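Novice: The residues making up each chain are set out below.
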Amino acid sequence: MSDGVVAAGGQPARTNRVERRSPLTSIPLIYIALLGTLIVGAALMAVNGENLFSGGNIVDILTRSSLLGFIAIGQTMVILCRSLDLSVGYVAALSSLVAATTMDGDPSRIPLGVAAGLGVAALVGLFNGVVTAKLKVHAFITTLGAGLIIKGYLDTVYPGPAGEVPGAFQAFGYTRIGLVPLSAAIMLIIAVFGVIMLQRTRTGHRMFAVGGNDEVARLSGIRTDRTIILAHVFSSVMAGVAGLLLAARFGTGVGAQIYDAGYDLDSIAAVVLGGTLLLGGRGGVAGTIAGVLILGVLDTMFNQLQIDPFFRDVLRGIIIIAAVAVYARRQIDPTKSRARFGEKSASRKGSTGTSPPEPTGDSRARRAGSREEQSE
Amino acid sequence: MSSASPAATGPLGAVRRIFGGGTGPVFVVLLTLLVVMLLLNPSFFQPASLMAFLRNAAPLIILAAGQYFVIVSGEFDLSVGSLVGAQVVIAAKLIDGDESRTWPVIMLMLGFGLLVGLVNGLVTTLLKVPSFITTLGMMLVLAGAIRLWTGGAPTGALSESFRQWGRMGIEVPVLRQIPYAALIMIVIAVLTVLLMRGPYGRTLVATGDNDVAASFAGAQVWQVRTLAFVLSGLLATVAGILIGGFAGVTAQVGDGMEFTAITAVVLGGVVLGGGRGWIVGAMAGALTYRLLERLLVQLDMPSTLNPTIQGVIIILALAYGSRRLWGRRRRRAAQPITTKPQPSGAE
Chain B
1 MSDGVVAAGG QPARTNRVER RSPLTSIPLI YIALLGTLIV GAALMAVNGE NLFSGGNIVD
61 ILTRSSLLGF IAIGQTMVIL CRSLDLSVGY VAALSSLVAA TTMDGDPSRI PLGVAAGLGV
121 AALVGLFNGV VTAKLKVHAF ITTLGAGLII KGYLDTVYPG PAGEVPGAFQ AFGYTRIGLV
181 PLSAAIMLII AVFGVIMLQR TRTGHRMFAV GGNDEVARLS GIRTDRTIIL AHVFSSVMAG
241 VAGLLLAARF GTGVGAQIYD AGYDLDSIAA VVLGGTLLLG GRGGVAGTIA GVLILGVLDT
301 MFNQLQIDPF FRDVLRGIII IAAVAVYARR QIDPTKSRAR FGEKSASRKG STGTSPPEPT
361 GDSRARRAGS REEQSE
Chain X
377 MSSASPAATG PLGAVRRIFG GGTGPVFVVL LTLLVVMLLL NPSFFQPASL MAFLRNAAPL
437 IILAAGQYFV IVSGEFDLSV GSLVGAQVVI AAKLIDGDES RTWPVIMLML GFGLLVGLVN
497 GLVTTLLKVP SFITTLGMML VLAGAIRLWT GGAPTGALSE SFRQWGRMGI EVPVLRQIPY
557 AALIMIVIAV LTVLLMRGPY GRTLVATGDN DVAASFAGAQ VWQVRTLAFV LSGLLATVAG
617 ILIGGFAGVT AQVGDGMEFT AITAVVLGGV VLGGGRGWIV GAMAGALTYR LLERLLVQLD
677 MPSTLNPTIQ GVIIILALAY GSRRLWGRRR RRAAQPITTK PQPSGAE
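Residue numbers (this note's numbering), protein chains in the order written: chain B, 1 to 376; chain X, 377 to 723.
If you're looking for bench data, these hints aren't it; they were derived computationally from the structure. Don't take each hint at face value.
Chain B stretches covered by chain X per the calculated footprint, using a threshold of three residues with CB under 8 Å from any CB of chain X [stated by the list, open to error]:
id: 1; segment: 39-49
id: 2; segment: 65-75
id: 3; segment: 151-162
id: 4; segment: 259-270
id: 5; segment: 319-326
Across the chosen pairs, the derived CB separations fall in these ranges [as the list claims (entries may be wrong)]:
id: 6; chain 1: B; residue 1: A322; chain 2: X; residue 2: V412; range: 43 to 51 Å
id: 7; chain 1: X; residue 1: L498; chain 2: B; residue 2: R109; range: 54 to 62 Å
id: 8; chain 1: B; residue 1: I186; chain 2: X; residue 2: G528; range: 32 to 40 Å
id: 9; chain 1: X; residue 1: L498; chain 2: B; residue 2: F311; range: 41 to 49 Å
id: 10; chain 1: X; residue 1: L415; chain 2: B; residue 2: A322; range: 50 to 58 Å
id: 11; chain 1: B; residue 1: I196; chain 2: X; residue 2: V588; range: 35 to 43 Å
id: 12; chain 1: X; residue 1: L470; chain 2: B; residue 2: F311; range: 16 to 24 Å
id: 13; chain 1: B; residue 1: T203; chain 2: X; residue 2: P678; range: 36 to 44 Å
A few chain X residues facing chain B, derived, Cβ under 7 Å [said to hold, decoys possible]:
id: 14; residue: F508
id: 15; residue: I690
id: 16; residue: A695
Every value quoted in this text rests on a predicted model; they were computed, and no experiment measured them. Beta carbons: idealized from backbone N, C-alpha and C, even for Gly.
My request is simple: use the sequences and hints to build the entire structure.
Specialist: Put into structure tokens, the structure is as follows:
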């Protein structure tokens with residue numbers, strides 16, 4: 001990008017940036033929803049003579065949330081880049097089996113097992129990312145296909161549970177610090193890193209830019225392919241962590257039990273519930289965590305109230321649709337999204353397009369791009 | 377296809393079109409699989425076994441046709457799998473072996489399919505919930521509600537006149553028996569192709585390509601998309617009737633079929649995100665998928681490996697289909713738009 005463009009675009013871009021902060025991340029709304037869920041939940045529980053905030057219930061909520069949380073944090077990155085990861089359940093199963101068979105009950109092999117589990121997961125993510133970004137296969141098909149490939153491998157090689165997790169590593173699944181399970185604490189720490197990465201680092205800004213409009217991002221000097229690949233690797237590694245956690249809880253590596261549990265769709269639901277746009281470019285990890293917590297609170301509540309598990313599915317479906325409907329109207333405001341790219345972008349589409357983007361382009365994308373240029 | 381480059385009009389145009397992007401590759405894959413099948417097991421092409429294969433493949437083809445409408449309009453329908461399961465369970469529970477109830481119940485099922493499609497469509501278009509979430513929620517609701525209603529295990533029985541659609545056929549001299557399922561599939565194929573050639577089809581493709589432009593051009597985008605979901609619900613019901621007759625009553629009968637149907641549609645050259653693709657391609661994609669499964673049985677692979685091979689082939693087929701985009705950094709998007717918004721489904 002030439003200096004002239006930056007100079008010309010500097011002024012409007014700066015004012016835009018301040019205004020646009022809030023619509024990019026609709027976090028407050030989802031936290032209000034979480035608060036509402038907690039209040040309604042507590043009231044319902046109180047009517048039945050129980051306490052939602054008792055120690056046991058909080059532990060239950062956090063234990064449920066930590067597992068889905070790991071997967072959903074990764075899923076957030078992928079969805080932010082306008083991609084999708086349907087292979088997370090299979091990756092978790094693969095990682096749990098690889099880690100458990102590598103450890104094989106020997107405490108000295110724990111680091112090796114963890115590395116193997118996460119390494120395999122990262123390889124799957126690399127595959128997903130490269131096929132999606134370089135071969136231009138839609139992520140839906142890439143990750144569905146990768147999931148099928150892993151499923152076939154697991155069913156053939158590991159017909160049943162395999163490997164043994166040493167007691168020291170099982171602590172990852174069961175240790176608690178006060179009321180907070182160790183796994184939930186680790187999940188929250190990773191979430192904080194995720195928030196910082198998305199809001200403060202170049203990589204995070206690139207993800208927003210690529211998800212918002214990858215053509216604009218590319219013209220701004222971002223290597224969009226690398227960003228997408230990185231997001232996929234991250235997502236798979238997070239699914240791998242979830243697999244390790246499951247291995248620690250089961251004490252062995254399992255396949256079908258993990259990939260049949262529906263973590264793929266659950267995590268996408270949590271991400272969208274958390275205010276991240278399914279079409280990418282807006283949202284964040286903080287919202288996702290709230291989404292995961294809402295699902296966790298609902299599950300715990302349904303459990304305590306002894307609601308029929310089938311009825312639970314019905315309620316969950318309705319709640320997910322209703323919740324997304326409530327803020328979908330506010331989020332997908334056509335006038336707002338058009339303003340991000342300026343009025344001229346519409347007319348530019350029809351003309352040559354070899355010129356650099358107009359200075360009215362997306363401030364975030366351009367800023368990320370121009371910063372990159374200055375540093376390189 | 378409308379997206380074919382100008383070079384496709386030359387003498388080699390036909391060949392280029394077949395091996396190019398769009399619908400072509402699926403027919404190449406289909407032919408290749410048929411040739412491999414011929415070499416491995418010529419008896420597959422005897423009328424009886426060929427008809428049995430068609431009967432087996434018909435439900436997925438019908439499901440893919442329904443999914444095509446939704447995908448080409450730029451949306452997803454993840455609820456079809458559980459809708460198939462729900463319909464089968466509803467049929468068994470309400471008919472309960474009583475012949476006289478067959479037709480009223482079939483009418484009721486079509487009404488239910490229509491209702492599910494209508495809800496999916498209206499929630500997606502009017503409440504602006506992404507269809508991925510709408511239909512995912514619908515999938516949870518349907519699966520839960522059906523199991524809740526039947527108490528976990530489906531009860532009742534289907535009547536003979538209900539099952540005949542999935543099992544029986546018309547006796548003819550040469551082919552022995554043409555299954556009703558295949559006939560229904562052909563009727564649906566003709567009707568849907570005609571629909572896609574008409575004004576509705578063109579509007580649907582235009583909507584999937586660019587809904588803002590379509591609405592500026594006067595299309596009622598929400599009506600067009602809602603009707604696509606309704607068609608998907610109706611066709612899923614038809615598929616459910618055939619599957620129920622063929623496979624018997626379990627609520628799990630439709631599990632995972634939504635992903636299979638979407639995969640089949642995409643295999644047929646229809647682009648996720650809408651606006652590109654031919655409905656015949658989508659149906660050919662479904663046929664290819666079933667033939668691939670049949671071929672894997674033929675090859676005597678350990679059945680657990682099937683998903684792996686399917687995954688590899690699906691990814692390869694899709695990568696081949698989009699190979700024109702490899703390495704090219706999508707400059708075309710910025711060039712003047714050479715392809716007119718001509719609905720490719722009209723070809």
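Novice: A separate judgement is required for each hint: does it hold in the structure or not?
Specialist: How the hints compare with the structure:
no., hint, verdict
1, 39-49, "violated (count 0)"
2, 65-75, "violated (count 0)"
3, 151-162, "holds (count 6)"
4, 259-270, "holds (count 3)"
5, 319-326, "holds (count 4)"
6, A322/B x V412/X: 43 to 51 Å, "holds (50 Å)"
7, L498/X x R109/B: 54 to 62 Å, "holds (56 Å)"
8, I186/B x G528/X: 32 to 40 Å, "holds (37 Å)"
9, L498/X x F311/B: 41 to 49 Å, "violated (24 Å)"
10, L415/X x A322/B: 50 to 58 Å, "holds (55 Å)"
11, I196/B x V588/X: 35 to 43 Å, "holds (36 Å)"
12, L470/X x F311/B: 16 to 24 Å, "holds (21 Å)"
13, T203/B x P678/X: 36 to 44 Å, "holds (42 Å)"
14, F508, "holds (6 Å)"
15, I690, "holds (5 Å)"
16, A695, "holds (4 Å)"
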